[in-house]
Amino acid sequence: MIPASQQWRQLSVAIIGGGIGGLAAATSLRRTGHRVTIYERGDYSGSLGASISCGANGTKWLNEWNVDISHGRPSTIRKLIRHALNNGEIQGIYDLSEYPGKWGYEYYNFFRADMHAMLMKSATGPGLGEPALLKRYHSCNSVDHATGTVRFQNDVIVRHDLVIGADGVGSSVRRALGTADVRRLGLADMSQNDALEYWGGQGLEKIVFAPCREGEIHSFYIFFPTPKNEKEEQVEEGWDFAGDRRQLLAPFPTLDPALHALFSHADPVDIRPWRLFAHEPYPYWSRGRTCILGDAAHPMLPDQSQGACQAIEDAAALGIIFGRSYQYTNDIRSGLQLYEEVRKPRASKVQAASARARENISERIGFSSQKNSRWYAVVEEDQKLTIEEINDYDIRQHIRKQAAQEYSDLYPGWRLASTSQQS
Numbered sequence: 002m003i004p005a006s007q008q009w010r011q012l013s014v015a016i017i018g019g020g021i022g023g024l025a026a027a028t029s030l031r032r033t034g035h036r037v038t039i040y041e042r043g044d045y046s047g048s049l050g051a052s053i054s055c056g057a058n059g060t061k062w063l064n065e066w067n068v069d070i071s072h073g074r075p076s077t078i079r080k081l082i083r084h085a086l087n088n089g090e091i092q093g094i095y096d097l098s099e100y101p102g103k104w105g106y107e108y109y110n111f112f113r114a115d116m117h118a119m120l121m122k123s124a125t126g127p128g129l130g131e132p133a134l135l136k137r138y139h140s141c142n143s144v145d146h147a148t149g150t151v152r153f154q155n156d157v158i159v160r161h162d163l164v165i166g167a168d169g170v171g172s173s174v175r176r177a178l179g180t181a182d183v184r185r186l187g188l189a190d191m192s193q194n195d196a197l198e199y200w201g202g203q204g205l206e207k208i209v210f211a212p213c214r215e216g217e218i219h220s221f222y223i224f225f226p227t228p229k230n231e232k233e234e235q236v237e238e239g240w241d242f243a244g245d246r247r248q249l250l251a252p253f254p255t256l257d258p259a260l261h262a263l264f265s266h267a268d269p270v271d272i273r274p275w276r277l278f279a280h281e282p283y284p285y286w287s288r289g290r291t292c293i294l295g296d297a298a299h300p301m302l303p304d305q306s307q308g309a310c311q312a313i314e315d316a317a318a319l320g321i322i323f324g325r326s327y328q329y330t331n332d333i334r335s336g337l338q339l340y341e342e343v344r345k346p347r348a349s350k351v352q353a354a355s356a357r358a359r360e361n362i363s364e365r366i367g368f369s370s371q372k373n374s375r376w377y378a379v380v381e382e383d384q385k386l387t388i389e390e391i392n393d394y395d396i397r398q399h400i401r402k403q404a405a406q407e408y409s410d411l412y413p414g415w416r417l418a419s420t421s422q423q424s
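Take the position in the sequence shown, starting the count at 1, then add 1; the result is the number in the numbering used here.
Check the hints yourself; a few may be wrong.
To be verified - Computed cross-link-like contacts, PhoX-like style, restricted to lysine-lysine with a CA-CA straight-line distance of at most 20 Å:
(1) LYS136 to LYS80
(2) LYS122 to LYS80
(3) LYS345 to LYS385
(4) LYS136 to LYS122
(5) LYS80 to LYS345
(6) LYS372 to LYS385
(7) LYS80 to LYS103
Think of the hints as simulated: they come from the structure by calculation, not from any bench. Just so it is clear, the structure is predicted and the values come from calculations on it, not from any experiment.
Could you put together the complete structure from these sequences and hints?
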């Protein structure tokens, strides 16, 4: 029996950053019963960005949270296709036609702006729990992790029970926690396509095609190393400036002619150079009443298409830990330690696997299961990331296992509460 003073209570939650991870966390925690305020430094104008993949380990939670997925207008992925970089020859196909039957949920590709609008509606619109409150033009200046006090550059000061940093790779909240910063690395008609397609991938040069917005928008990701001093003015990850065709084509003198023709006619406005950064796992994700999630906690290269899904898993874990099945609302520090214990090993493994897939497409989930392919080669079999490991993962069971011993020691006779809500 747990003392009445230790029963679940509603928390006041600050989420710093209103991107994919922040809105997912707002959705998860409002549905659990908490009062959530999202602080965003900008105004969400424009639609910069490209496609975002969301496999079953992410779409599971979108469905569980009753997110209106149709509002995000996703494209459904049914294949992964691997091409030779120089002539487009198909080197392998990973079939995903049985994906929803096997994993229970779809594999979607969203246009970033559409996914953002979909999650904004879920976080701040009608639904279970109090709608999250959105405050624009609040750029975080500092966080007192012990008291939950946040100071913004507009001189506003707020205090919350729980502060979540979802403010991306340049996270102000992460800096407030004292974690290390980044290590920089230099780095035809497809309108009805239902595949993610890859050219190259046996080195740093790679091209990825990804359909989104129900086939209306087609994103190409062109990866190649750049000289260390090139584009030094771009000191942060981002793509809020235009590129040019010569920069796009120069690294690929023997490119597949079909792609060369397509890129030669690309509108420079639609060419967005984007410097990538590699990050080692941060030593910790939480202190006191404050934690980080998504890119703020585990920024990863895009080569496993797991960035959004891992942020969604972070959000789901926080909703469960601070839900009604546990009593961590009265011991926030311990709840955040549990969150880190559960999420950090998995996210760090995906982070490392993404770095390996940057230079070797055989390490990409899906292709990492094609051991009979003549192109198959991974660094270490026991370290590779598989689609089964990603999609079979059970967050609730993981949290239950980690929390069971702690609660059994603290409260003899404790049993996991039963609830119809997400907890």
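Structure-based check of all given hints:
Taking the CA atoms of LYS136 and LYS80, the gap is near 40 Å; set against the 20 Å cutoff, the hint is violated. The hinted pair formed by LYS122 and LYS80 fails the criterion: a straight-line CA distance of about 30 Å is larger than 20 Å. Taking the CA atoms of LYS345 and LYS385, the gap is about 17 Å. The hint holds against a cut of 20 Å. For the suggested pair LYS136 and LYS122, the alpha carbons sit about 15 Å apart, so the restraint of at most 20 Å is met.
With a C-alpha separation of about 30 Å, the suggested pairing of LYS80 with LYS345 is violated against the 20 Å cut-off. A hinted pair counts as satisfied when its Cα atoms are at most 20 Å apart, and LYS372 with LYS385 qualifies at roughly 12 Å. The straight-line distance between the Cα atoms of LYS80 and LYS103 is roughly 15 Å, inside the 20 Å bound, and the hint therefore holds.
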